[in-house]
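Could you build the full structure based on these sequences and the hints that come with them?
Counting from 1, position 216 in the first sequence corresponds to residue 280 in the numbering used here; the numbering is continuous, with no gaps.
A hint or two may mislead.
For lysine-lysine, the following BS3-like pairs were computed, each having C-alpha atoms within a straight-line distance of at most 27 Å [to be verified]:
no., residue 1, residue 2
1, K256, K203
2, K168, K268
3, K255, K268
4, K370, K430
Computed spacing ranges between beta-carbons, pair by pair [to be verified]:
no., residue 1, residue 2, range
5, F453, N416, 17 to 25 Å
6, E204, H366, 45 to 53 Å
7, K437, H315, 30 to 38 Å
Hints were generated in silico from the structure; no laboratory data involved.
Think of the CB as a built atom: it goes at the ideal place given N, C-alpha and C, for glycine as much as any other residue.
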Amino acid sequence: MNRNLHIYNTLSRKKEVFEPINPPLVGMYVCGPTVYSDIHLGNCRTFISFDLIYRYLLHLGYKVRYVRNITDAGHLEGDRDEGDDKFAKKAKLEQLEPMEIVQKYTLGFHNVMTTFNTLSPSIEPTATGHVSEQIEMIKEIIANGYAYENNGTVYFDVEKYNTDYAYGQLTNRKMEDLLEGTRELSGQDEKKGRLDFALWISAKPETLMKWPSPWGWGFPGWHIECSAMSTKYLGEMFDIHGGGMDLQATHHTNEIAQSQACNSTAPVKYWMHTNMLTVNGTRMSKSAGNGFLPEELFTGNHPLLKRGYSPMVVKFFMAQSHYRSTVDFSNDALQAAEKGFDKLMKAGETLNKLKSDSKSSVNIEKIKSNCYKAMNDDLNSPILISHLFEAVRIINLINDGKESINQNDLENLKSLYKTFVFDVLGLREDKSSGSKETELTEELIDMVLNLRLEAKKNKDFATSDKIRDELTKKGIVIKDTKDGFEWEIES
RNA sequence: GGUCGCGUGGCCGAGUGGCUAGGCAGCGGUCUGCAAAACCGUCCACGGCGGUUCGAAUCCGCCCGCGACCUCCA
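In structure tokens form, the structure reads like this:
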């Protein structure tokens, strides 16, 4: 098994050698979306980043169980532990059953993930499907003395927990600092400590989504679902837990506390956090109102966008920055990414047409080892891509007859290209589907261009230029080659 | 206010105590009836001020600017 993979662990704030607890098995849990509205592009970035991680682990030969939850209950509005959850609120707004909301946005989420060519997780558990597991966990935490019940609501006792464990370890914060930073909030009489958070929340008569429990009818709190589901499917201690950086301070901090309080063991060996997507330097988020829906991005139907960009261009654009850096979104950056992506794809086509020689003037092994080196260094996809462009340059030089490659190296180069471009980065060609209409269009354009070719052979440049100008006006880019032509529809 | 991070060439983005990614744009060339496209080549950099060092954009200090988290958020 590969012993060279290093990943940055938020817990230690260092890059560490990746050594799974039970190799070759790897357990990975990633916090999934809350399905009460369409996911925006910022949400997508996290899942695209973990797709890269998942794909690379698989490529290295690990047997990965990848669990990504669907949060379909338990997220409250605001910071008070009362009132309806987001699903019930949205359901009232749209006059739908809460589970209709869940169904609608779960499907939407899956469609988007498919569009981005991400691999499906091994298990995708829902919070509502694991209420009994959450109740069991809460009971255990109470039994261990780290939670208390008040009027049908159960709170986690943070200060008590902190006397035995380090509560703020994931963000390197001390208890005093945390207490200082917490705002004085109204309606908190039921809580003992200001930092205490709800594990189980008592339902009001009008609450739509509620379940019976030892503490009466209610619903699970913000953070317990991930602890319950990760424990159920990956065990009390597993390898990788991931999510967006915004979840680090509260959600993941509380997850550690819950699991530790329940199982008396730290739940996760490596914590991985992906950075945010920004627009004009500010984080993309629902509340800021600066979010793009993936659909708006693909069609270009958004005030901030000049035009649309394909899913693979967007994915490539994201891979060009490191997962722990913020990436800023702009038309210019996307346009540059689009050209780069096209170049990479075209080189792939050229590669398939390349002919081998008796000897090689190029060093493929070097590029290959550089690619692995980049990925082993905390999944450095930008560096990987820079080495892939080195391969592109070599492919084009061979195609121009300025370099040569032997059969063995050619096979090696093809396999390297397939491995990193398609298997690891998870890109694919972005060609439009071959419907009858597009087929007909293609045949017609070919026909017209063949007429132009004839005109050129007869030195009738007036006609050939006229055909070219007319097609160019319609957005068809013509490329003359030695013995014919190529064309494409301008995107 | 507390915790943490960032500031790289026209733009986007890696990385490193000396060997100075990559993409896009620009410029030069090849190809072409002319173009376009494609390909090849190439210029431009590390927020400011000090310090450590033979040497710093990379380490340290201060300053300026920006951002994230501390409240639901990937």
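Comparing the hints with the structure gives:
A distance of roughly 19 Å separates the Cα atoms of K256 and K203; the hinted pair therefore holds under the 27 Å criterion. Between K168 and K268 the alpha-carbon distance is near 26 Å, which keeps this suggested pair within the 27 Å criterion. Our distance criterion of 27 Å between C-alpha atoms is met by K255 and K268, whose separation comes to about 18 Å. Only pairs whose Cα atoms come within 27 Å are accepted, and K370 paired with K430 is rejected, the gap being roughly 40 Å.
Checked against the hint of 17 to 25 Å, the C-beta distance between F453 and N416 comes to roughly 18 Å, which is consistent with it. At roughly 47 Å, the beta-carbon separation of E204 and H366 lies within the given 45 to 53 Å, and the hint holds. A C-beta distance of roughly 34 Å is found between K437 and H315, which places it inside the suggested range of 30 to 38 Å.
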